[in-house]
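Since chain U is already given, all that's left is putting chain F on it; use the hints.
Each chain is listed here by its residues.
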Amino acid sequence: MNKALRPGIVLRNIAVLVLSLIWLAPTYLILVNAMQPVADAGNGPAWFPSGFAFFENLAAVWETSPFAETMLNSLMYAVGGAGLAVLFATISAFGVVVMPVKRPKVWFWLIYSGTLLPLQVFAFPLYRAAATEGIDLYDTKWILIIVYTALCIPFAFFVTRNFMVTLPPEVAQAAKLDGAGWWRMLFSIYLPLVRPAMVAGFVFQFIYIWNELFFGISLTISPENSPVMASVAALSGQGAVAQTPQIMAVSLVASLPAVAMFLIFQRYFTTGLTSNLG
Amino acid sequence: MTTVQAPKTSVNRSSGPRYEFRDRIAAIPFFGISLTIVAVVLLAPFAYTLIRSFLGRGDEGGFVGLDNYVKVFNDPFLLKSFANTIIWALGALVIPVALGLGIAVMTSSMKLGAVIRGFVILPYALAGTVVAIIGNMMFTTEGSVNQVLHAIGLTAEGEGIQWLLYWPLNVIAAILISSWQSTGVVVVLFMVGLQTIPRESLEAAALDGADGWRRFKDIIFPQLKATTAVVVGLTITNALRAFDVIWVLTKGGPNRSSETFALSMYRQTFLLLDPGVGSAIAVVLTIIVVTCSWIYLRRQIGNES
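Chains as they are written, first to last, in our numbering: chain U, 1 to 278; chain F, 1001 to 1305.
Excised from the complex, chain U in its bound form (with noise of 0.2 Å):
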């Protein structure tokens, strides 16, 4: 019998059709109805374009919500965030792994505590730290930098630090021979050979903190400071004007920094993933 006629490989076929058919559904949806003119959103959403409206659509938003300067606040907040935590986690992971600390399993677990707890557990503290006079954080960019940076480190230093304990330690005995001091060590010998785990980090939080709505909407208010999911958020609340097809159009242009980001690094993305499977 041919082997592709079993009617277990068909139905398997058939079942991995319609799945693939469901997870395009919503994708596809998005991408027609940010095309669709208002003028032909009538009731409910489009399944094919009756126009290429996606500029215009776009436009409407762009000009009467403050979401073009949100998207450089996440930007910041992204590249920012991301970036300062992989480097302290590196070097936290080079101080635990590399260096000749006691109990370094105690520091490790009470770095990576961090990424246990729920968000909401820490929301109302930072906000009335950052609200007390004298510190004078709350809805700042100062502010989502900390918090997101603080965030972001656990998790970095997760997957940096099971990235080097991977490495023979004859590296760091070589470097020693050579008299090199710790934090000469870090920088020329060990950065470079930690990069990927650095990276796969980076991605990571990058992405988190592009799309990230909670700390945003809970420490910050005004657009200045607002990271762009706070603004796409309220483009869909009640009460807001925006039509279906501007919505869409601003979601799909909010999402591209992260998908990007995504594509281009997705085997990083997976390295960093499955560190969690150690």
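All the pointers check out, no bait thrown in.
Calculated lysine-lysine pairs in the DSSO-like style (CA-CA distance at most 30 Å, straight line):
#1 Lys-176(U) x Lys-102(U)
#2 Lys-141(U) x Lys-1251(F)
#3 Lys-105(U) x Lys-1225(F)
#4 Lys-1217(F) x Lys-1111(F)
#5 Lys-105(U) x Lys-176(U)
#6 Lys-1251(F) x Lys-1080(F)
Some chain U residues near chain F, calculated using beta-carbon distances under 8 Å:
#7 Ala-150
#8 Pro-154
#9 Ser-251
#10 Phe-262
Note that these hints are calculated values from the structure, not bench results.
Owing to the predicted nature of the structure, the values given are computational and were not obtained by experimental measurement.
Backbone N, C-alpha and C define an ideal beta-carbon position, used for all residues, glycine too.
Same frame as chain U, now just chain F:
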């Protein structure tokens, strides 16, 4: 793939106690920098929330013992929120894990498997906010889902299902659209798990004539147990923490009917200005999340020692 090995990296055990002491001091700024940031920005707020959950409403609420916790489990809105949290933990766990496992196994030996997995993984890069906006377009009463149901004759004209307006359909709709996003991660993790299954055991099974479902049940799945534990732990903790999708899709409504604890904490603290009860909700959520994390962390810890 990064795998964790037991660290055997004390570099200079042999260079004498005096050096070792100096190096230990030298290590403090290295691990201290991350530790300080995490301690100040994350662990200290956590401690504050823990304490705050025993204090009353307002700034001079004083110590009220377990009152806030009692309130959490007496408030009808919060009880419903608790029920929704459990529904989320189950629904947003079972759907992505079952579909993700199925997709990984079914596509692993297909020619176009990688392309199909790409479709499934892509939504992971989308923001919860955008996922909710897509979900709203699909599940609103005039939305795409009802258009499909009408087109295939399951519902009559003008009698579309009101997905987002009533409990429990609004919770289910949110779980479905969230599963659309989260299944990709499960697929990636199971693909890695599948690669660790020795080819010989699969081939031996094929020679035995163990086919399809039986090969999956008897040979593949038992070897994916370790992966499954990690996947279950990660997926359930992410489901419990979900905020953005629900907040943008329904704001937890109507009438707080689709709220989960992640949202209740926000509403209670920031909108109803009752941080005592809000903190108690956060602490209960933490207990649930940490307990569930244990499912996969146990393995991590096992590897460390």
